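Asks: Those sequence lines, one after another, are chains P and V. Going by the working numbering, 490 is the number at position 132 of the first sequence; the sequence numbering is gapless. Going by the working numbering, 303 is the number at position 299 of the second sequence; the sequence numbering is gapless.
Rather than coming from a laboratory, the hints here were simulated on the basis of the structure. Keep in mind it's a predicted model, so treat the numbers as computed, not measured. Quick reminder that beta carbons are idealized off the backbone N, C-alpha and C, glycines included.
Stretch-level coverage of chain P by chain V, calculated; a stretch enters the list once three of its residues show a Cβ under 8 Å from a Cβ in chain V:
| # | stretch |
| --- | --- |
| 1 | 441–450 |
| 2 | 458–468 |
| 3 | 472–484 |
| 4 | 505–517 |
Derived list of chain P stretches under chain V, where covered just means 3 residues or more per stretch with a C-beta under 8 Å from a C-beta of chain V:
| # | stretch |
| --- | --- |
| 5 | 393–403 |
| 6 | 409–422 |
| 7 | 539–550 |
| 8 | 563–571 |
| 9 | 597–604 |
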Amino acid sequence: MSENRIPGVDDGTNASAVSTTQVKAEAPFDPTTYAELEEIAARYPQARSGLLPMLHLVQSVEGQVTSRGIEACAEILGISAAEVSGVATFYTMYKRRPVGDYHVGVCTNTLCAIMGGDLVFERLKDHLDIGNDETTDDGKITLEHIECNAACDYAPVMTVNWEFMDNMTPESAVQLVDDLRSGTEVHSTRGPRLCTWREAERVLAGYPDDLADEGPSAGPASLVGLNIAREQGWTAPSVKQARQSAAEPDAAEGDTTADKAEGSHEAEHQESAAKVEESGADAKHEDNPANPGEDEK
Amino acid sequence: MTDTLTPVLTDNWGADRSWTLQAYEDQGGYAALTKALAMPQDDVIEAVKASNLRGRGGAGFPTGMKWGFIPQDNPNPKYLVVNADESEPGTCKDIPLMMASPHTLVEGVIISSYAIRANTAFIYVRGEVLHVIRRLQRAVQEAYLAGHLGKDIHGSGYDLDLIVHAGAGAYICGEETALLDSLEGRRGQPRLRPPFPAVAGLYASPTVINNVESIASVPSIIDRGAEWFASMGTEKSKGYGIFSLSGHVTNPGQFEAPLGITLRELIDLAGGMREGHELKFWTPGGSSTPLLTAEHLDVPLDFEGISEVGSMLGTRALQIFDETTCVVRAVLRWTEFYKHESCGKCTPCREGTWWLAQTLANLEQGRGAASDLDLLDDVCDNILGRSFCALADGAVSPITSSIKYFREEFLAHLEHGGCPFDRNASAIFGRVEATA
Numbered sequence: 359m360s361e362n363r364i365p366g367v368d369d370g371t372n373a374s375a376v377s378t379t380q381v382k383a384e385a386p387f388d389p390t391t392y393a394e395l396e397e398i399a400a401r402y403p404q405a406r407s408g409l410l411p412m413l414h415l416v417q418s419v420e421g422q423v424t425s426r427g428i429e430a431c432a433e434i435l436g437i438s439a440a441e442v443s444g445v446a447t448f449y450t451m452y453k454r455r456p457v458g459d460y461h462v463g464v465c466t467n468t469l470c471a472i473m474g475g476d477l478v479f480e481r482l483k484d485h486l487d488i489g490n491d492e493t494t495d496d497g498k499i500t501l502e503h504i505e506c507n508a509a510c511d512y513a514p515v516m517t518v519n520w521e522f523m524d525n526m527t528p529e530s531a532v533q534l535v536d537d538l539r540s541g542t543e544v545h546s547t548r549g550p551r552l553c554t555w556r557e558a559e560r561v562l563a564g565y566p567d568d569l570a571d572e573g574p575s576a577g578p579a580s581l582v583g584l585n586i587a588r589e590q591g592w593t594a595p596s597v598k599q600a601r602q603s604a605a606e607p608d609a610a611e612g613d614t615t616a617d618k619a620e621g622s623h624e625a626e627h628q629e630s631a632a633k634v635e636e637s638g639a640d641a642k643h644e645d646n647p648a649n650p651g652e653d654e655k
Numbered sequence: 005m006t007d008t009l010t011p012v013l014t015d016n017w018g019a020d021r022s023w024t025l026q027a028y029e030d031q032g033g034y035a036a037l038t039k040a041l042a043m044p045q046d047d048v049i050e051a052v053k054a055s056n057l058r059g060r061g062g063a064g065f066p067t068g069m070k071w072g073f074i075p076q077d078n079p080n081p082k083y084l085v086v087n088a089d090e091s092e093p094g095t096c097k098d099i100p101l102m103m104a105s106p107h108t109l110v111e112g113v114i115i116s117s118y119a120i121r122a123n124t125a126f127i128y129v130r131g132e133v134l135h136v137i138r139r140l141q142r143a144v145q146e147a148y149l150a151g152h153l154g155k156d157i158h159g160s161g162y163d164l165d166l167i168v169h170a171g172a173g174a175y176i177c178g179e180e181t182a183l184l185d186s187l188e189g190r191r192g193q194p195r196l197r198p199p200f201p202a203v204a205g206l207y208a209s210p211t212v213i214n215n216v217e218s219i220a221s222v223p224s225i226i227d228r229g230a231e232w233f234a235s236m237g238t239e240k241s242k243g244y245g246i247f248s249l250s251g252h253v254t255n256p257g258q259f260e261a262p263l264g265i266t267l268r269e270l271i272d273l274a275g276g277m278r279e280g281h282e283l284k285f286w287t288p289g290g291s292s293t294p295l296l297t298a299e300h301l302d303v304p305l306d307f308e309g310i311s312e313v314g315s316m317l318g319t320r321a322l323q324i325f326d327e328t329t330c331v332v333r334a335v336l337r338w339t340e341f342y343k344h345e346s347c348g349k350c351t352p353c354r355e356g357t358w359w360l361a362q363t364l365a366n367l368e369q370g371r372g373a374a375s376d377l378d379l380l381d382d383v384c385d386n387i388l389g390r391s392f393c394a395l396a397d398g399a400v401s402p403i404t405s406s407i408k409y410f411r412e413e414f415l416a417h418l419e420h421g422g423c424p425f426d427r428n429a430s431a432i433f434g435r436v437e438a439t440a
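Work out the full structure, taking the sequences as your base and the hints as a guide.
Replies: Next comes the structure, spelled out in structure tokens:
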């Protein structure tokens, strides 16, 4: 979504992507791509569920969402081009302008921004001489500030074609884009050698590239707690220990987590469940109360 | 007495090629599946109910109870959808889990689907995590080849197809009904409830939607027992969970512990605050959970403890900020995020987040007036609880809580004619050399 968007309304930048006058000027897709789009739709119990991966495939072929891509999706799914367009313009990862070989993202959500992400982003804009959501003249780099990418323990975080580049600095960010532009081999901090944006989009469409075995199991920050547990000899209780502590609550001496005696459990469980339902405090997101009128009540 | 840290889900993250089927089976993986398939489905549901596992995606709704809501007499197919759209700011537990051990999730999906009698399941994973998607795709492929997925799993007669589905960049799709619309190939906008997904979810059929960590916890519950799971944690918040520390601590990272651990303990494990600095404010469970301060260091991090001090446990995304951080800048950035991610369906959220960002930006630049704080309160009051989903409520949390604890700092921006903080002081460059 662009900076100047009117709240809640699709911005106008998709106009070129949906313009029907352009469609006629463009040749239809090659048979292979068209067949793959059909194949994606066929993966799902209902074909329309394939639309998001289909649009990823369009981007992998076209370098952006194009009008002929929209037309092809619409035709295969039996919906209107306007409906496809409505979806394509809703999601940030779908681009209506050509994307460079490397989509470079800088997290500027609060945590990363404060840890230095703002400084990284400013340095890159200056160094590349482009603004947000713009591409360098050589077509190599598209720069975009991105939202939280679920790697906060590696802040400040960047991404290249949605691969993690962890613990960045303004200097390492400049080095990164210079390497990408000069064709130097660059690896993700927790993944393989970076592919192009189009290749990445093909994986997102559900066509694996056989690079799953590259990179480590986990980065260092992911292992901080585990390493401490290993050093201290800390583990989850054994099944036997758990039985003992359930049988003799007093055995868990000084332990605030001691179980209450069996029997009171069920009542407490019901009570707490009811509390969850009333509170409406579904902090966020998923796991909202299912139908409270059923079953347990 | 339970140990301070209890690695279960994170236990194999350090193992060589931990993401492969071979490595997972070598440490006992898929044994829980064999055990579950020998149990009646209702017994699997009962086991999860008895464990008191509560949803790990933020709201903490009891997982087994959610499964019990699926009307088994409904003639439509049943579906399991895993919410792997991890995008609540600060939350970073599901992504490393799926990267290091995707088979833990896949095994959980198979057991959970079996329990609710689903023959098709989906992992809806956010699109911006390419390598995680590769690992999930590979794990699913391996599971099919090994006979853990597909027809007649382990000779049980039970069939399951599992589809890894990549999203396309929309925070709102972490909201379960928006996720369903997105998975149906539409714009991700929340649905009015009722009907709840358990009755009319994906394709208007009975659907269970669970967070990655919730589903990944299921194999351990089946394998080691509900009693074992419930032996960890506190009275009403049972079991273990992954706590994610980020920000101004010496060693940020993932810490798997029984629910009820405190931030003081966690910061200590993370090597303390950044040297020479002190805690100023933190989020217990992502940016949608009201901010807390140093006075809350000893609050047990469980659903009840955090709720008692006016916040929410959320996703245990502990974002830690020290005294160099401007709270107004932090909150403005989150507000801009909510404005950007508002799906536009409900007016209070669509228009309200716009006004909040504008008012906060003025204050941050020292151009506002003290009365703007009342305006913010008023706008927040008109957003909270007035939209279909919790995004709007989340947008309000950082604002109202920061004004509550740091009113003077907002006013200082007006006196100073701008932000009195040095942005360079809060940056933490050079902690780990980037490999770029």
